[in-house]
Amino acid sequence: MKISRIRGFRDVVSPESDQYEKILRTAESILKPAGFERVFLPILEPTELFSRTIGETTDIVEKEMYTLMDRNEESLTLRPEGTAGAVRAYIEHSEKNQDPTWKIFYYGPMFRHERPQKGRQRQFYQLGVEIFGWSSPWVDAELLSLLQELWSRLGLKDIQLRLNSLGCSKCRTDYRKRLMNYLLPLQNRLCADCQRRIERNPLRVFDCKQEGCRSVVHAAPKTLDSLCEDCKGHRSRLLEGLKTLQVSYEEDPSLVRGLDYYTRTAFEYTSDSLGAQNAIAAGGRYDDLVSQLGGRPTPAIGVAAGLERLSLLLQPDKKEGLKLFVAALGERAAQEVVSLIRNLRNVGISVEWDSEGKSLKSQMRRADRLQAHYVLILGDQELQKREGILRDLQAQTQESIPWEQSLKILIDKLGSKR
RNA sequence: GUGGCUAUGGUGUAAGGGCAGCACGAGAGACUGUGGCUCUCUGAGUACGGGUUCGAAUCCCGUUAGCCACCCCA
Numbered sequence: 009m010k011i012s013r014i015r016g017f018r019d020v021v022s023p024e025s026d027q028y029e030k031i032l033r034t035a036e037s038i039l040k041p042a043g044f045e046r047v048f049l050p051i052l053e054p055t056e057l058f059s060r061t062i063g064e065t066t067d068i069v070e071k072e073m074y075t076l077m078d079r080n081e082e083s084l085t086l087r088p089e090g091t092a093g094a095v096r097a098y099i100e101h102s103e104k105n106q107d108p109t110w111k112i113f114y115y116g117p118m119f120r121h122e123r124p125q126k127g128r129q130r131q132f133y134q135l136g137v138e139i140f141g142w143s144s145p146w147v148d149a150e151l152l153s154l155l156q157e158l159w160s161r162l163g164l165k166d167i168q169l170r171l172n173s174l175g176c177s178k179c180r181t182d183y184r185k186r187l188m189n190y191l192l193p194l195q196n197r198l199c200a201d202c203q204r205r206i207e208r209n210p211l212r213v214f215d216c217k218q219e220g221c222r223s224v225v226h227a228a229p230k231t232l233d234s235l236c237e238d239c240k241g242h243r244s245r246l247l248e249g250l251k252t253l254q255v256s257y258e259e260d261p262s263l264v265r266g267l268d269y270y271t272r273t274a275f276e277y278t279s280d281s282l283g284a285q286n287a288i289a290a291g292g293r294y295d296d297l298v299s300q301l302g303g304r305p306t307p308a309i310g311v312a313a314g315l316e317r318l319s320l321l322l323q324p325d326k327k328e329g330l331k332l333f334v335a336a337l338g339e340r341a342a343q344e345v346v347s348l349i350r351n352l353r354n355v356g357i358s359v360e361w362d363s364e365g366k367s368l369k370s371q372m373r374r375a376d377r378l379q380a381h382y383v384l385i386l387g388d389q390e391l392q393k394r395e396g397i398l399r400d401l402q403a404q405t406q407e408s409i410p411w412e413q414s415l416k417i418l419i420d421k422l423g424s425k426r
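Following the working numbering, the numbering of the first sequence begins with 9 at its first residue and continues without gaps.
Rather than coming from a laboratory, the hints here were simulated on the basis of the structure.
Beta carbons: idealized from backbone N, C-alpha and C, even for Gly.
Do not rely on the hints blindly, as some may be mistaken.
What the hints assert, rightly or not - Cross-link-like lysine-lysine pairs, in silico, DSS-like; alpha carbons within 25 Å at most:
#1 Lys251 to Lys165
#2 Lys104 to Lys30
#3 Lys326 to Lys30
#4 Lys327 to Lys393
#5 Lys165 to Lys40
#6 Lys366 to Lys393
Said to hold, decoys possible - Ranges between beta-carbon positions, derived for each pair:
#7 Thr405 to Thr252: 51 to 59 Å
#8 Val47 to Arg197: 42 to 50 Å
#9 Arg377 to Gln106: 56 to 64 Å
#10 Asp376 to Val47: 38 to 46 Å
#11 Ser12 to Pro410: 52 to 60 Å
#12 Ser12 to Gln343: 36 to 44 Å
#13 Asn286 to Ile397: 53 to 61 Å
#14 Val47 to Glu219: 23 to 31 Å
#15 Cys199 to Val47: 21 to 29 Å
#16 Leu378 to Pro41: 29 to 37 Å
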């Protein structure tokens with residue numbers, strides 16, 4: 009019986025996988041010089057880690073988590089996002105080595121039980137970046153600047169940065185009160201979903217796309233107006249920093265994030281060419297999260313970028329052609345050829361061959377299809393003469409080379425190119 | 001989770017109650033040891049399960065999956 013993949017879980021194969029690689033390589037080349045270390049974090053965590061951090065009333069926790077019982081009756085969950093696990097790791101890590109700062113990035117699968125759509129899978133891949141231990145708005149500005157650099161090096165155009173400040177826990181509760189006071193008398197103008205949201209999570213009303221709700225929200229008090237002096241200062245210094253670093257942005261007071269732990273800076277990168285699933289990366293500051301999970305109070309900021317959405321935006325790269333195809337005719341030729349192939353590969357020259365003993369024509373065809381630059385032909389005649397034929401497929405020329413020196417000759421000829 | 005649309009070789013498509021065809025790709029050959037162009041041949045398909053009918057790719061129902069919107073979000 010054929011067993012097929014489960015819904016929303018995909019095999020990421022070439023050329024998409026090549027693009028994931030490219031994104032990761034590029035990100036690494038930007039982040040490493042900025043002092044970030046690459047970490048590998050667990051995919052499975054205690055359920056409580058997510059329910060406590062992301063927010064009990066969020067969609068993610070309420071209905072999208074892959075939760076399972078371990079053999080010892082402990083409830084475990086496949087991580088729906090990366091930050092909670094990173095914070096957990098930070099707490100354990102910083103206890104050990106006394107250093108309150110940590111700059112990390114990681115990459116891996118996340119899991120949410122949503123209805124699949126283009127750019128939305130149940131297992132999806134995120135690149136996460138987290139910075140622990142600094143509260144200065146310069147850190148926010150630098151992170152946004154690194155991201156801008158990443159988009160630009162990946163050749164992405166038309167990426168918008170939307171920015172908001174949600175305030176610290178104090179201004180958030182103040183604001184929440186003001187917002188509820190404003191919304192309650194207007195309840196009947198809101199859709200059913202939003203009426204429920206007022207009590208549970210009034211900020212979410214801002215996300216609603218219903219006509220009635222939008223008009224109500226339009227005149228609603230904004231987070232920006234409720235910021236305390238410190239938060240206002242943080243915001244304005246961040247905006248100055250962005251100016252200095254020439255990071256372009258657009259302020260969006262209605263931007264609230266789907267996770268409850270954000271404080272102060274919240275941001276989202278979107279692209280117009282992705283349809284409804286238009287967010288390619290998002291993040292923000294979460295200054296209370298570390299202490300909330302039992303660590304020493306530590307300010308932090310982070311971002312998550314979705315690889316499938318990024319790769320949808322990337323132009324496909326043309327594949328690098330093969331350097332050498334070895335056409336060995338017969339078993340004896342195969343015996344001669346295999347260690348040469350290994351040695352060439354060991355110095356970084358890409359080599360393929362076909363061990364099925366196909367006809368020369370068939371092997372030449374394959375070499376052509378693989379866009380090989382050269383073909384090395386070894387058959388009975390060549391074995392007799394102890395030489396091989398090296399054909400340059402692009403130049404359409406060929407020459408005989410003495411077999412005993414073939415390794416050296418090939419390395420000379422093919423090694424340094426490109 | 002809700003609603004809509006869709007499902008034919010590996011890929012892209014035709015047949016709209018009556019013989020499942022075409023193109024590309026793949027494999028072999030024409031060229032007996034040399035790729036690309038050309039030609040020939042070969043393999044490969046109606047997502048799955050029911051129903052209507054003399055007869056179903058085609059009509060109906062269910063399932064599954066994909067896409068789109070909602071929702072949500074990366």
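Do the hints match the structure? See the list:
1. Only pairs whose Cα atoms come within 25 Å are accepted, and Lys251 paired with Lys165 is accepted, the gap being roughly 20 Å.
2. A hinted pair counts as satisfied when its Cα atoms are at most 25 Å apart, and Lys104 with Lys30 does not qualify at roughly 34 Å.
3. Distance restraint check for Lys326 and Lys30: the Cα-Cα separation of roughly 12 Å lies within the 25 Å cut-off, and the hinted pair is therefore satisfied.
4. Under the criterion of a C-alpha separation no larger than 25 Å, the hint pairing Lys327 with Lys393 is inconsistent with the structure, at around 36 Å.
5. For the proposed pair Lys165 and Lys40, the alpha carbon gap of about 24 Å is at most 25 Å, so the pair holds.
6. Among the hinted pairs, Lys366 with Lys393 is consistent with the structure: their alpha-carbon atoms are about 22 Å apart, no more than 25 Å.
7. Distance hint check: the CB atoms of Thr405 and Thr252 are about 57 Å apart, consistent with the given range 51 to 59 Å.
8. Distance hint for Val47 and Arg197: a CB-CB separation of about 48 Å, consistent with the stated range 42 to 50 Å.
9. Taking the beta carbon of each, Arg377 and Gln106 are about 58 Å apart, inside 56 to 64 Å as hinted.
10. One distance hint, 38 to 46 Å for the beta-carbon pair Asp376 and Val47, holds here, with the actual separation near 44 Å.
11. A C-beta distance of roughly 53 Å is found between Ser12 and Pro410, which places it inside the suggested range of 52 to 60 Å.
12. The supplied range of 36 to 44 Å is met by Ser12 and Gln343, whose beta-carbon atoms lie about 42 Å from each other.
13. Checking the proposed 53 to 61 Å range against Asn286 and Ile397 shows it holds: the Cβ atoms sit about 55 Å from each other.
14. Separated by about 45 Å at the C-beta atoms, Val47 and Glu219 break the suggested range of 23 to 31 Å.
15. The hint said 21 to 29 Å for the Cβ distance between Cys199 and Val47, and at roughly 42 Å that hint is violated.
16. Between Leu378 and Pro41 the CB atoms are about 36 Å apart, so this pair conforms to the stated range of 29 to 37 Å.
The structure is inconsistent with the numbered hints 2, 4, 14 and 15, although it conforms to all the rest.
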